[in-house]
Amino acid sequence: MSKSAKLAAVLVAFVLAVAAIASVWLYLIKYPQTAQAATSSSGEQQITMQTVGALGYGPHSTYVSYLVEQNGKWIHSTMLQVKANSDVHFTIYQYDSGSPLRNPFMDQVSGTTDGKEILNGQPVRIVNDYSDGGVGHTFAIPSMGVSVPMPGISSNAKNPCGTPAPCALSYDHNTVQFTIHVGAAGTYPWQCFVPCGLGYLIGNGGPMSTLGYMGGFLKVVA
Amino acid sequence: MAIDTTPAPSVDESGSAPLHNTHDTKPWYTEGNLVYALIGAVLGYTIGHWFGNWLASGYQQIQGSGQNDYALVLGYLLATIGWLAGLGILNYPLMKMVGLHPSPDEDDGAKAHRPLRAYFTYTLDHKVVGVQYLVGMLFYFFTAGLFALAIRTELLSPTRHILPPGSYLTVVGEHGTMMMMMMTSVILGPFGNYFIPLMIGARRMAFPRLEALSFWITPAAFIVLLSGIIVGGFPTGWTGYAPLAVEATQGQDAYLVAFGLMGTSMIVGGFNIVVTVINYRAPGMTWTRVPIFTWAMLVTAMLMVLAAPVLVAGTYMSLLDRTVQTALFDVNHGGSSYLWQNLYWFFGHPEVYILALPGFGIALELLPVFGRKPLFGYRTAVAGMVGVGMLSFFVWQHHLFVSGMNPDMRPVVMLTTEMISIPTGIVYLVAVGTLWRAKLRITVPVLFILGMLFNFLIGGISGVFLSDVPTDAVAHGTFFVMAHFHYTIMGGLIFTFFGGIYYWLPKMTGRQLDQRLGRIHFWTLFIFFNSTFLPLFAVGELGMPRRVFEYEKTLQGLNMWVSISAYFIALSMLIFIYNFIKSTILDPKPIIPDDLWGSRGLEWMTENPVPENNFAHVPTVLSGPYEYGTGAGPMAVIGAVPVEAATSNEPVTHEGGS
Amino acid sequence: MAAKTDERTDKQHLQRIGLIWLVVSLVAMALVYFWWGPHLPPGTDSVEAKGQQFDNRVLATIATPVFLFVWVYLLYVLVHWRVKSDTPVSELEDGPPVKGHRGFQATWMIVTSVTVFALFVFGTVELVQNAGAGTGSGQAPIWTPVGYKQNLNKTKLLVVQVIGQQWRWTFRYPQFGGVETSQLYMPSGQEVQFAVTSLDVIHSFWAVNLGIKADANPGVNNIAFGEATKNGLINIRCIELCGIWHGSMYANGHVVSLADFHTWITAQAATHRQLIPYLPPYANIYLPQADGGYYDPNTNPLPPPGPTPNPVPSVIQ
Amino acid sequence: MDDSTAAMTEVQAADARDREIESAAARGAYWTGSRLFVALSAMIFGSGAFAYFYLHSVDNNGLWHPSGQRPSDFVSVSVLSFVVIGAGLFWWYSRSLLAGQANPSDWRVAAGVACALFLAAGLVQFWGMTRTGFYPGSSGYASVYVAVMPLFAVYCLGTAYWLETVLARSLRAKDVLTPDEATRDSDDVVSFTGTVVGAKLFVVFVAIVGVTFFILFSVVK
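Residue numbers (my numbering), protein chains in the order written: chain A, 887 to 1108; chain B, 128 to 785; chain C, 1342 to 1658; chain D, 2 to 222.
Worth flagging that the hints you see were computed from the coordinates, not collected in a lab. Fair warning: there could be bad hints in the mix.
In silico DSSO-like cross-links for lysine-lysine, where the CA-CA straight-line distance does not exceed 27 Å [to be verified]:
1) D:LYS175 to B:LYS680
2) A:LYS916 to B:LYS709
3) B:LYS716 to A:LYS1105
4) C:LYS1391 to C:LYS1490
5) C:LYS1497 to C:LYS1391
6) A:LYS889 to B:LYS716
7) A:LYS1044 to A:LYS916
8) B:LYS680 to C:LYS1352
9) A:LYS889 to B:LYS680
10) A:LYS916 to A:LYS889
11) A:LYS959 to A:LYS969
12) A:LYS969 to A:LYS1002
13) C:LYS1490 to C:LYS1425
14) B:LYS680 to C:LYS1425
15) A:LYS969 to A:LYS916
16) B:LYS716 to C:LYS1425
17) C:LYS1497 to C:LYS1425
18) B:LYS709 to A:LYS892
19) D:LYS175 to D:LYS201
20) A:LYS1105 to A:LYS889
21) A:LYS916 to A:LYS1002
22) D:LYS222 to B:LYS223
23) A:LYS969 to B:LYS680
24) C:LYS1425 to C:LYS1352
25) C:LYS1391 to C:LYS1571
26) B:LYS716 to A:LYS892
27) A:LYS1105 to A:LYS969
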């Protein structure tokens, strides 16, 4: 091979290597789309989410997942953005069923502004994970001390939501509402603490271990 | 990218022609090549995936999780078999079944002038395998290094995340696993395979097919491991602790299959080296004349052969837990999470010495050459290496000091672990003795050896803090541990690996790397290596666990310093890559003398390029390899010598000192 | 540099190296022990941390002359015994053909062996005297502080159960009715018995500034001891990779006075009054049952499903 | 004798020396290699045995070995007897062959039968895995059984393959069974004899593994 041919080969290899590295890097740093909290007329921030037993589309269609409402559309994401030093009001429609908890400590509500959640219109401080339906998921921000259990729908529910997501309000669901106060700006992980990864040992694989399904970040911006 | 580096020999092209005529008459389809290998891999994967789906798609846990581990694992395994079959590796075992016994000469395309394509084939020429390994290992090393840069990029900030947490753990796992599994062969692969036969005066390897197989498994393991990113990543780091590994997503299968494959490669490659060194030493190459590098390779290979089976068994068990739902690591059903830790570290600690001993070997091999002195305390050095090898099987529980397993045994493990510093210290004893009044030429290889002596000292002594239970209580699981083993492995193994490249590449390719760039490479690497890893000891002691994506804000300054230093390490590596490509491909300098460094070693007595059979005839070794200044004649002659000449050539022995 | 002829004798070289090394070492050892030592991690917030700091200090002091020996020697070699690196092969001179030196080798081996053995004895004494030195010591530790009894009802120590789960810590106080909290409170000046266990994968409990580190294994009760000496914050991290949120699996706690601790635990019992009936009976380990509940098969029969009435206990002293 | 003839003889002598050295090395390589292979296989099965004893000793959740879990005795006993008889046959006849006492055709029959027995053992064991009567994850015992026995079956099949290659070689190159002074150092004979020496040891190792795990799984309660 002539010297210029060698040089060309080396350059081509270099370009290919850079392209490969760049594409892997871009793949790795991909986050789910960020959903912004809606601001109500009273100036309160609103986040509306739902949980579904199986997403029904995408690469992991069997995964249980959260969805979040953005501009009236349900998007599959767990990246939430809110303003710092404000109250955020959450409404979560729980379409999934549940079971007794691994650690019943999470039966109780903590970290909300009044220490309670509003479950189907009733304020409650603690839920019974041994009841029919158990607890399906929790919404928890450990670094803020927030933990809100969300009872699952009854195992005898007449009209459970099938796939694919999102589920309409006509299906059986529990509605959980609560308000938390967020402080300084920062990025706070939030998670579900109910081992709900069906088919995984101890239930904590799959959706529990994949960003965008049962855990995400609360981005608090100034 | 293999490089056609060997210039055509001026004579005897015709001499080897008849051999290759028989070679050419074989039907075309029995010859493996890379294209067939790729086709085989794709076919194998497809069949395995289909079969796994057929087998298990109705199972409850697969319908629930939506992931079929059977399909993926079988796909990986059959793809590997297809890859090897496409390369022609299965031809020999199949021919054996019908009673054929092709001798190595008949089906090997090796000759002194090796065309570029020879480097892309399954070959029985240990010189070609050595070069394949060299290029492969460099490629794996730099790939894994890129993951390290990704880790450091994420750790620039304690709370703002560039990588999502799942990706971050995948990157950590890819970096750790790739380095730990591939770099076991970083010296044994290229230099061990290339130089052991030359050093012991053998004209062939004992099992050249196994040797070639050991290399060709590595690309499969590499690709399988990388594919883990696409199939969901894996969260366990390189240690793969169950039950986390059992509950993880499909990327874990990639980790387990890749590590298992690499374990197989280690077994196969080490097996060949052990048998070769034991049996193929030339007449006169007594155990006390075997070069110290060969001793290091022998002990390393022995560790591989005896420790890696436990790894293979462990990954197999973990795969069973993930596929057929055994409960070996599931405490709820009669298993135990300690079982994996035991199996893993029973392999894992010898593996650490698999990664350390080759470095010792190169350091002690090069010091006599450049100090123009005999190796000081040769027998002690050998005893030290063998001692490290044996002790390494008795220390694994120091990884479990805080685990609550066998807590009453901790003093014993503390003793065995600290005892390892005695044979390791011997390396320094020998180096100190050899450097005494040496005529030291500070060439580029020597710079790397001195750098290794500096780094490994820090790595070794920080190890004492980890072997002592009360101080381990602080350091365990933190960046202190991480800094410790980077000092031993990167500071020890990788530094000597580069030293080895600068030293031996002229013999392997007939090209010498640019020495000025080599010096720049060394100094940047040395400075920024220390600047990267020294602060990490402090970071760990101050409370930063390994493998976290969030850390305390007070540690941000140190972490940023470390990250920026790490980028400079990358820059230093770029200098090396540039030098390597420039000096071997773009701007090769004219051929250099056969014995570039003035070494007595038998490997430098071969022609340049090394002919197919290494030596025209089996050499007779007359004296040891390090007889500098003792008045001994050349180390060996090619072919037989009269008996009296062999005995009269005994070197003068000096017991120096006061 | 690169002296043409080396006129000094072996003995002179040895003396020069030895002298440099001795002086530098003595200075450095004093600096390490007296100046740097008191600042070494993990600080002095607990008896265990103090012990670990002392060990760090002693080991660092012993390591200093070893480092310095190699560095001084390498520098000496570079200064005295180097030749030009581009000397042609034909002009190379050989060094003295010394293949070994019994005395030197024997001295080296004896010194390293004695050091290693001394380190082993030192480490063992520190481990045994300090009741496991803050490390997880298994189900039935044999190096224990005064007052420890394996039986929960007989032990005189405050027992805190540390429960790891993916991906958070909770703490139970069995002597106070099994109340479970998300923060760790402990009284200062009191030996505390941490019983560390996990509900799923392997975690590891590290109270950073208290120097307490114990793996949380599923189905295993791993006991560690700690006695905080001053009031303040406790920084707790998970130190064994446990999955995606490992990096953010931390908790915090407080070391408070005994009186404050009693006030706090009473308040917790009141706050969690409603919750306690739902918690499983206190057990050393918690293994899952088909209904999702947890129990220790060795100490408790199968509990009835659903909340069991569990009277709020009176606070013991 | 002119110079070129002298040079010729010198080259021939040197070649002869190379051949002698290298065939001795090859013989040693087979010997060392087979021992090393047994050692590394022992590490693999040792890991299985370690899992057995470790899980037995911790007995987590009381689920080491619920009563009644037992693999089919028919499968276990037949696999064991195939392996032991096959190993015994091959070992005995190979020993005689190497000592120059066995009739080559006797050896061939013995090797063939041993090969068939190992093949049968592997296949029966795999078939047995489909009818163990317990779930893999139902206990520690069941898990270890499901982990170790397929591995053992693979080893049986591997042994059958090895014996088959030896047999095939002895049929194709008949003279390897009866080497004389002239062919003793030939590549063919060295590799054949070396393989037999290795296989002779290996079958005994496989039989020992079979007996050990039979005792662990079917005899020990």
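Broken hints, by number:
Failing hints, ascending: 1, 2, 3, 7, 8, 9, 10, 13, 14, 17, 20, 21 and 22.
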